[in-house]
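Dock chain Z against chain C, hints included.
There are 2 protein chains.
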Amino acid sequence: MIKTLHFIALTMTILMVGCAPESGEPIDLDAERLAILEADRAWSETPPDVEAFVSAFADGGRLLPPEAPEAHSREDIQETASGMFSLPGFSVSWSPNFAGVSQAGDLGYSIGTLEFTADDGEGNPVTRKGKYTTVWRKQEDGQWKVVSDTFNFDSPAPTSGE
Amino acid sequence: MIKTLHFIALTMTILMVGCAPESGEPIDLDAERLAILEADRAWSETPPDVEAFVSAFADGGRLLPPEAPEAHSREDIQETASGMFSLPGFSVSWSPNFAGVSQAGDLGYSIGTLEFTADDGEGNPVTRKGKYTTVWRKQEDGQWKVVSDTFNFDSPAPTSGE
Numbered sequence: 000m001i002k003t004l005h006f007i008a009l010t011m012t013i014l015m016v017g018c019a020p021e022s023g024e025p026i027d028l029d030a031e032r033l034a035i036l037e038a039d040r041a042w043s044e045t046p047p048d049v050e051a052f053v054s055a056f057a058d059g060g061r062l063l064p065p066e067a068p069e070a071h072s073r074e075d076i077q078e079t080a081s082g083m084f085s086l087p088g089f090s091v092s093w094s095p096n097f098a099g100v101s102q103a104g105d106l107g108y109s110i111g112t113l114e115f116t117a118d119d120g121e122g123n124p125v126t127r128k129g130k131y132t133t134v135w136r137k138q139e140d141g142q143w144k145v146v147s148d149t150f151n152f153d154s155p156a157p158t159s160g161e
Numbered sequence: 000m001i002k003t004l005h006f007i008a009l010t011m012t013i014l015m016v017g018c019a020p021e022s023g024e025p026i027d028l029d030a031e032r033l034a035i036l037e038a039d040r041a042w043s044e045t046p047p048d049v050e051a052f053v054s055a056f057a058d059g060g061r062l063l064p065p066e067a068p069e070a071h072s073r074e075d076i077q078e079t080a081s082g083m084f085s086l087p088g089f090s091v092s093w094s095p096n097f098a099g100v101s102q103a104g105d106l107g108y109s110i111g112t113l114e115f116t117a118d119d120g121e122g123n124p125v126t127r128k129g130k131y132t133t134v135w136r137k138q139e140d141g142q143w144k145v146v147s148d149t150f151n152f153d154s155p156a157p158t159s160g161e
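Note that the protein sequences, when read in sequence, are chains C and Z. All residue numbers in the first sequence are consecutive under numbering that gives the first Met the number 0, ending with 161. All residue numbers in the second sequence are consecutive under numbering that gives the first Met the number 0, ending with 161.
With the rest of the complex left out, here is chain C (with noise of 0.2 Å):
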């Protein structure tokens, strides 16, 4: 009898160390939407920062600009942000408002609304509305990372007055 519990008791510990997940604790899924928000909040603060802006891609991450290529490496985003944020009149301001994540709380995306700001050739700021989603992972240091970020505008460029 004292056999079979130590039997039971060793077996049971062996289960729980054995399908324990790595980090030792339940993946909370509201933090990690929260989480998601936040670092897209956070990263709304970056530009005009260049580097900053820049540093919130992962390794291999992609920035999808509109009327614009894609930039694929960090090298090509840290000159796609150069060029935007170096626009007579820039300013750009984004906000996300919806999170996704996946079971583990490793992979996840932000859906949110932008405004983005610049002159025209006669140096008149126009300002354009539009829309984003942003995939993100974490990294091994618990930080999420952009993986892609993909915007649009609502409503085509406006023609000049030209």
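Don't take every hint at face value.
Any copy, or any two copies together, can satisfy a pair, since identical chains are not distinguished.
To be verified - With a straight-line Cα cutoff of 20 Å, these simulated SDA-like cross-link-like pairs (lysine to any residue) come out:
| hint | residue 1 | residue 2 |
| --- | --- | --- |
| 1 | 144 | 102 |
| 2 | 128 | 144 |
| 3 | 144 | 49 |
| 4 | 144 | 97 |
| 5 | 128 | 88 |
| 6 | 144 | 115 |
| 7 | 128 | 71 |
| 8 | 128 | 66 |
| 9 | 128 | 50 |
| 10 | 128 | 91 |
| 11 | 144 | 155 |
| 12 | 128 | 73 |
| 13 | 128 | 67 |
| 14 | 144 | 120 |
| 15 | 144 | 79 |
| 16 | 128 | 156 |
Keep in mind the hints are simulated off the structure, nothing from the lab.
Just chain Z now, kept in the frame of chain C:
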């Protein structure tokens, strides 16, 4: 000695049963990536069939098209797709060049390029190149469905010849 062997065998059996993923199979992430690419390619065959196009979306899925508002609901997506697919001279094609997937094989994304053609105001076909990120979630029946599709064009809308 025999008791010890029995104990080890029983413990290993319990561990194997207790720790197996719910599906009973280890997750093959390469296979899941291929399944996402395949779902995306199959989806690209659906236009101009609005119903087939819309059926690729999961409940709550969103369509974020360029130069148009976001479509939140299945009805909105259907209306947006109907509008696009009925443009004079409309055709669209796309092809994924990358897919990523979560550790548990439940959430993923595809990135690719597209060509979108429609007639301009004078009846001349205008083709625009673009790119997209689509986020996919595996449904309970094992099918990958779209939870977010965001695309844009590589250059601004061509100005009309008028």
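Can you give the numbers of the hints that this structure goes against, from lowest to highest? 2, 6, 9, 11, 12, 14
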